[in-house]
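Order-wise, the sequence lines are chains A and H. To convert, take the position in the first sequence, counting from 1, and add 1123; that gives this note's numbering. To convert, take the position in the second sequence, counting from 1, and add 32; that gives this note's numbering.
Honestly, the hints are just simulated from the structure, not real lab data. Beta carbons are placed, not taken as given, at the ideal position from N, Cα and C, and that holds for glycine. Hints are supplied without guarantee of correctness; some may be wrong.
[Unchecked claim] The calculated label-pair distances, taken between Cβ atoms and stated as ranges, are:
1. H:89 / A:1260: 51 to 59 Å
2. H:86 / A:1159: 22 to 30 Å
3. H:67 / A:1378: 30 to 38 Å
4. A:1163 / H:56: 41 to 49 Å
5. A:1253 / H:51: 38 to 46 Å
6. A:1268 / H:89: 18 to 26 Å
7. A:1159 / H:89: 43 to 51 Å
8. H:79 / A:1364: 27 to 35 Å
9. H:78 / A:1126: 34 to 42 Å
[What the hints assert, rightly or not] As a list, the in silico DSSO-like pairs of lysine-lysine whose alpha-carbon atoms are at most 30 Å apart:
10. H:60 / A:1264
11. A:1196 / A:1233
12. A:1204 / H:66
13. A:1196 / H:66
14. A:1262 / A:1196
15. H:66 / A:1262
16. A:1360 / A:1233
17. A:1204 / A:1256
18. H:67 / A:1196
19. A:1360 / A:1204
20. A:1360 / A:1262
21. H:66 / A:1256
22. A:1360 / A:1256
23. A:1256 / A:1196
24. H:66 / A:1233
25. A:1264 / A:1196
26. A:1196 / H:64
Single-letter residue listing:
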Amino acid sequence: MELFITIIILAFLFETMDSCAGMGFGTGLTPLLFILGYEPLQVVPILLLSEAITGFTAGYFHHEFENVRFSYKRPLTKATKIMLIIAVIGCLAIIFSVVLTYYTLELPTKVIKSYVAILVLAMGLIGLFSFKKMKRTYKPKMLIGSAGLAGFNKGIGAGGYGPVIMMGQIFSGIYEKTATAIVSLSEGIVSIVGFASFLFISSYGVVIDYVLLPSIFTGGFLAAVLAPYLVRIINNKIWRVVIPVYAIGIGMYCLIQLSGALS
Amino acid sequence: MEEIKKDVAHINEVGYVARMVDTTMSTKDRMKIKKNTILRLSGAILLYTLIMIFFSFIL
C-alpha cells in the first residue's frame, strides 16, 4: 500500500469544499487526476468508493454538529425525506448512465458538458446576485424539479450533480448549512450505487486499479470530519456568498477544461 | 398536546436546528465541542485506522 502526499492534499482540499459547499469533489478532482497522468479506471471508481464512505461520515458529523437533523426511525424528518428523494433520483440517474454506456449510445459530449457548465455558472450567478432578495420559503416542487434536472444531467454523463442539487436546494428555500448536509449524505448513497455499477462492469472483465484508494480516502476522510465543524462555526451569511461563488468557479473551471486549456 | 405536536413539527422543519444554533449561539459557543462529540470523533479515528489496516491487507 502506497500513500501519495499530493493526492492526500488534493483530496482533502476538494472534500473539504465538497462537504462545506455541497459540490466539487468529483467535478474538480477528476480532471486534475487525469492531468497528473492517472487513468479513468484508477480515478472514477475510487472517487465513488471514497465518496461513499466520506459522504456517510460527513452526513453523520453534520448531524452531530447540528447543521441538520436526520432521523433513521419514523416519523422521518423533512431533511431526511429530502435527502432520500435526492439520493433515489441520483441512483436512478447512475443506473441510466450505465445503461447508456452499455448500449454505447454516443451523445455529443462537448455540447452536453458545456450545457451543464453554463447551467452551473448561471445558477451560481443567480444565487450570488439574488441572495438578498430571495424569499426563504420552502418550495418542494422546485426542489424535486432541480433534483430531476441534476439526475438527468448525471444520467446523460454530463456531471455537475452536486452543484445543480445544491443550488436547487438554496433556490427552494433550504437553509445553506442544512442543504450542504443533505447533499453530503445523499452523495454517499448515490456513490455506493455508482461504485456497485463499476463492480458490475468489472465482472465483465474491466479491471479497477485501487492504487489511489488509500490516499484519496485519507484526505477525504479527514475533510469529512473537519468540514461539518467548519460549517457549524462559520455563520450562514458567509456560506450564502461562498456557495454561489464556488459554483461560479466550478462552472468556469468546467468551461476552461472544455476549451482544452487545461489539457 | 396540540402545542407539543406543533413544536415537534416546527423542530422537524428543514434547517430549523442549524438556524437555531446560528441565532442563539455566538461563534465562540459554536466552537465548543461536547464531550459526546469528542467520543464520536475518537470513534471516527478508530474507524479510519481499521479501514486503513484493511486496505493494507487487501492492496
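Structure-based check of each hint:
1. H:89 / A:1260: 51 to 59 Å: holds, 52 Å
2. H:86 / A:1159: 22 to 30 Å: holds, 26 Å
3. H:67 / A:1378: 30 to 38 Å: violated, 48 Å
4. A:1163 / H:56: 41 to 49 Å: Distance hint for residue 1163 of chain A, residue 56 of chain H holds at roughly 48 Å.
5. A:1253 / H:51: 38 to 46 Å: violated, 20 Å
6. A:1268 / H:89: 18 to 26 Å: violated, 46 Å
7. A:1159 / H:89: 43 to 51 Å: violated, 27 Å
8. H:79 / A:1364: 27 to 35 Å: The hinted range 27 to 35 Å holds for residue 79 of chain H and residue 1364 of chain A, with Cβ atoms some 34 Å apart.
9. H:78 / A:1126: 34 to 42 Å: Once the Cβ atoms are compared, 19 Å apart, the range 34 to 42 Å for residue 1126 of chain A and residue 78 of chain H is violated.
10. H:60 / A:1264: violated, 38 Å
11. A:1196 / A:1233: violated, 44 Å
12. A:1204 / H:66: Distance of about 27 Å is within 30 Å: holds.
13. A:1196 / H:66: holds, 24 Å
14. A:1262 / A:1196: With Cα atoms ~25 Å apart, residue 1262 of chain A and residue 1196 of chain A stay inside 30 Å; holds.
15. H:66 / A:1262: Violated, at roughly 34 Å.
16. A:1360 / A:1233: violated, 36 Å
17. A:1204 / A:1256: holds, 27 Å
18. H:67 / A:1196: Holds, at about 25 Å.
19. A:1360 / A:1204: holds, 25 Å
20. A:1360 / A:1262: holds, 21 Å
21. H:66 / A:1256: Given pair residue 66 of chain H, residue 1256 of chain A is violated - Cα atoms ~36 Å apart, limit 30 Å.
22. A:1360 / A:1256: Status holds; Cα separation ~14 Å.
23. A:1256 / A:1196: Distance ~37 Å between residue 1256 of chain A and residue 1196 of chain A Cα, so the pair is violated.
24. H:66 / A:1233: It is violated: about 49 Å lies between the C-alpha atoms, which goes past 30 Å.
25. A:1264 / A:1196: The given pair, whose Cα atoms are some 25 Å apart, holds under the 30 Å limit.
26. A:1196 / H:64: holds, 29 Å
Of the numbered hints listed earlier, those contradicted by the structure are 3, 5, 6, 7, 9, 10, 11, 15, 16, 21, 23, 24.
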